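So you can see what is in the structure, the chains are spelled out below.
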Amino acid sequence: MYTYLKDICVGTWSLLVGLAITIKYFFQPVVTVQYPHEVIPMTPRYRGHTELVWDEDKSSHKCILCMSCQRICPSQCISLDGEKREGMKQKALTKYQLNFTTCSLCGLCVEVCPTDALTFSKDFNLAGFKGEEFVFDLVKRLEEKHS
Amino acid sequence: MTIFPEVIRVLAFLIGIIMFVALNAAYLVWLERKEAGHIQRRIGPKEVGPFGLLQPLADALKLMTKQLIEPEGVDAVLFKIAPILVMVPAIMCFVTIPFSETLAARNLDVGLLAIFAFASVNVLGILLGAWGSRNKYAIISAARVVSQNVAYEIPMLVVIVTLVMITGSMNLHDIVTQQSGGFWHWNIFRFSASPLMPVSFLIFFVCMLAETNRAPFDMAEAESELIAGAFTEYPGMGFGVFFMGEYANIVVGTSMATVLFLGGWDCPFGLFPGVHWFLIKMYLLIFTVIWIRWTYPRTTFYGLLNLSWKILIPVSFFNLILTSAMLKVF
Chain A
1 MYTYLKDICV GTWSLLVGLA ITIKYFFQPV VTVQYPHEVI PMTPRYRGHT ELVWDEDKSS
61 HKCILCMSCQ RICPSQCISL DGEKREGMKQ KALTKYQLNF TTCSLCGLCV EVCPTDALTF
121 SKDFNLAGFK GEEFVFDLVK RLEEKHS
Chain B
1 MTIFPEVIRV LAFLIGIIMF VALNAAYLVW LERKEAGHIQ RRIGPKEVGP FGLLQPLADA
61 LKLMTKQLIE PEGVDAVLFK IAPILVMVPA IMCFVTIPFS ETLAARNLDV GLLAIFAFAS
121 VNVLGILLGA WGSRNKYAII SAARVVSQNV AYEIPMLVVI VTLVMITGSM NLHDIVTQQS
181 GGFWHWNIFR FSASPLMPVS FLIFFVCMLA ETNRAPFDMA EAESELIAGA FTEYPGMGFG
241 VFFMGEYANI VVGTSMATVL FLGGWDCPFG LFPGVHWFLI KMYLLIFTVI WIRWTYPRTT
301 FYGLLNLSWK ILIPVSFFNL ILTSAMLKVF
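Residue numbers (the numbering used here), protein chains in the order written: chain A, 1 to 147; chain B, 1 to 330.
Looking at chain B on its own, in the form it has when it is part of the complex (with noise of 0.2 Å):
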């Protein structure tokens, strides 16, 4: 990568990372379709193009077409921003991620704090435009948005600092690093540091999945009782910004799950380690996340909070515990 010139290097990352968001949010909602399909025991889509491959590219044309209604009483600004402000921070995530050995547009020192850092404006754009809209149901649904990601980000981080203590690195490079040479390196099966790793793995899935609003925790936009709760009011591209913005995020928490808990690029059993692996395993994870929302029911809001403050919290902070005083210890 050194012969590249600084300039180009950087447009060529800033324009395949754009690519990489753009071609998975069209596929992964593919994907969901077909997945849903099958587990409901039918097709899915399969008219436009072979397996449907092509539906993605008419519900994009569909959406772009679609008029830019800005309904009355809106504050304008808010309701504009707001999509942009669920995207961006979405794409800036993949700046750390690596990808492979050398696959990585940057690699910072503090590459996991950076990514929770842009991960948390998400909840701020949902925010935003909830409120800009002017609509009792985007309302409700910011506020359950609000609560939930502060409920849900507690667990998380707690699950993170224990990560932290353990490799004793942000640099996600070296946290992967940290991990090769087969699948009992990984930090999910590392029983040195402690007994619990599988539950923190656990733990960081339930909570990356209640971050991205999925199913059966997707209280933001609970189509029986909120319409589309904070999208009600968006037509056309303003909302498929924001469907666009709710995959990519799934992509970047799958992706963190991989490079924290599953080696990231690493090979299970020591063989050609690479990008495909990491790829591999994210996509597995992705069908994970669509497998559980087409298996479970929306929970209630008050089960939401609960299975938080109760349940994970507690664990993850024993986890914690346990953590250092095996560090201590050993």
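For reference, chain A alone in the conformation it holds in the complex (with noise of 0.2 Å):
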């Protein structure tokens, strides 16, 4: 008998309890992101697709068609284009194709640019409906985002 009343209090006082946590809940401010709406800022640490560094001195991109980064490639997913031009020393790029498709974002190319023309871009509202879409002209993206 005493184990029965006891069972019936303990258990009705442990029902208050969680009654009482989640009213606390519901008068606290909401947690989530409206997505559409507000984006939060991403991580540094958040790898999307690669993307050239835009430099303020040159008012351009820092690459030197070294090739070093479609050499290292695993997935040979980067080819660059460049064409030479009057008064200057080296070739200037004209082209810096990413296959998004095959990239695995696993950063050498970031890692071996000797002078840190690459890094990773923070877009990740990436969609489409063919796989030539992800095809990314990344001095055509520079050039949109700084124009």
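It is possible that some hints are incorrect.
[Said to hold, decoys possible] Cut-off 25 Å, straight-line C-alpha distance, at most; resulting in silico cross-link-like pairs (DSS-like, lysine-lysine):
1) B:K310 x A:K6
2) A:K24 x B:K34
3) A:K145 x A:K122
4) A:K140 x A:K95
5) A:K122 x A:K58
6) B:K66 x B:K136
7) A:K140 x A:K89
8) B:K46 x A:K24
9) B:K80 x B:K62
Note that these hints are calculated values from the structure, not bench results. Everything numeric in this text was worked out from a predicted model, so none of it was measured.
Put the complex together from the two separate chains, hints included.
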């Protein structure tokens, strides 16, 4: 009889404790982010696709077309193209093609770059209907970003 | 009300009650989703209209535009009649509920009995719908609903018998009038009749949750094991009517708790009694019902039956004996 009554009292009390917890949550502010309307900044170590770094002094990218990234890429998803221009010692970068469909985000290209011309973008809003939409020209993307 | 001819009075109350039930069914879904959201610290519906207030409209449109499929092998008559059998008794219950001093469709002398008679048809509707839909989940669900309702009808009715012994009336209007004049007159605090009145309110409330198949007693539609239970085979508005009937039953149950224990339209401080106090108490109880749903996980079926047969029924019978003894002595 004693345990029977004790069970009822303890059980009822534990139910009330549960109700107190949920009502406390009810009046606390919400913690979810209303995604399409508000976006939280990505963490510094987030790895999006690679992008060229903008150099304020040259107001251009820092790439010297050494081809290290193209050579080290284990998935062979990088291909660079350049042309000789008047009055410049080195070739100028005209096309930095990244095939993001095969990129594994290993980051070797970022590490190997002698001029730190590459970095990871924070762009996670990538969606498309065709594979070709994910073959990026990073030079164009950089120009679009800074135009 | 006497200046209205009888026909207009009946029509007005009929339309009023149906509108009240439909509006409640629609916006209780909204309230449920909002409250669930905030308890889980998210927002809930917010895209359709301001604060998601048009969400019920969108849901209703979606349900209404769905094709009404009748699966192969169902019992056509039972399958079609079941949603109506859940909805109509719920609406009938509102006939005798007194919303305020003057606002009641019919003031029956056996109002309490009428409400419990109609409310018990709800089980029949679910049972027939589940049996008629020729689905194993539905049949398991129906078996559960019936045993659950048998188990919880007993303590509820014992509490009601106790209450009728105290009030000496089955007329809901009289029961509320007896409680007027401040919250210390309410039946829940009527310690002169029985020191266990708050406990009997608690028993009534728990049984109400179980009778309306609300979590943590929603064994009838335990999604994890029974898909949607009795409603598995119902498409579009067939399911919609079941759903509305469920919310209408919650409104009836909380209205009964308000009338029987919380003084109906009476103000707690004796100021301005009226229909607004009835609605405030009713919606606070509904808030609690939803709050309970989003706090507790579903019980097991054995736990559910044990709670009724081992705790609620003995306690309610003890309360009955205590009350009758106190009525005899004092």
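Each hint, compared with the structure:
Restraint check for K310 (chain B) and K6 (chain A): the C-alpha separation of about 14 Å stays at or below 25 Å, so the hint holds. A hinted pair counts as satisfied when its Cα atoms are at most 25 Å apart, and K24 (chain A) with K34 (chain B) qualifies at roughly 15 Å. Between K145 (chain A) and K122 (chain A) the alpha-carbon distance is near 13 Å, which keeps this suggested pair within the 25 Å criterion. With a C-alpha separation of about 8 Å, the suggested pairing of K140 (chain A) with K95 (chain A) holds against the 25 Å cut-off.
Taking the CA atoms of K122 (chain A) and K58 (chain A), the gap is near 23 Å; set against the 25 Å cutoff, the hint holds. Taken as a hint, the K66 (chain B) and K136 (chain B) pair is honoured in the structure, with Cα atoms around 24 Å apart against an allowance of 25 Å. The straight-line distance between the Cα atoms of K140 (chain A) and K89 (chain A) is roughly 23 Å, inside the 25 Å bound, and the hint therefore holds. For a cut-off of 25 Å, the pair hint linking K46 (chain B) to K24 (chain A) stands: about 22 Å separates their Cα positions.
A threshold of 25 Å between alpha carbons decides the hint, and for K80 (chain B) with K62 (chain B) the separation of about 20 Å falls inside it, so the pair holds.
The structure shown violates none of the earlier numbered hints.
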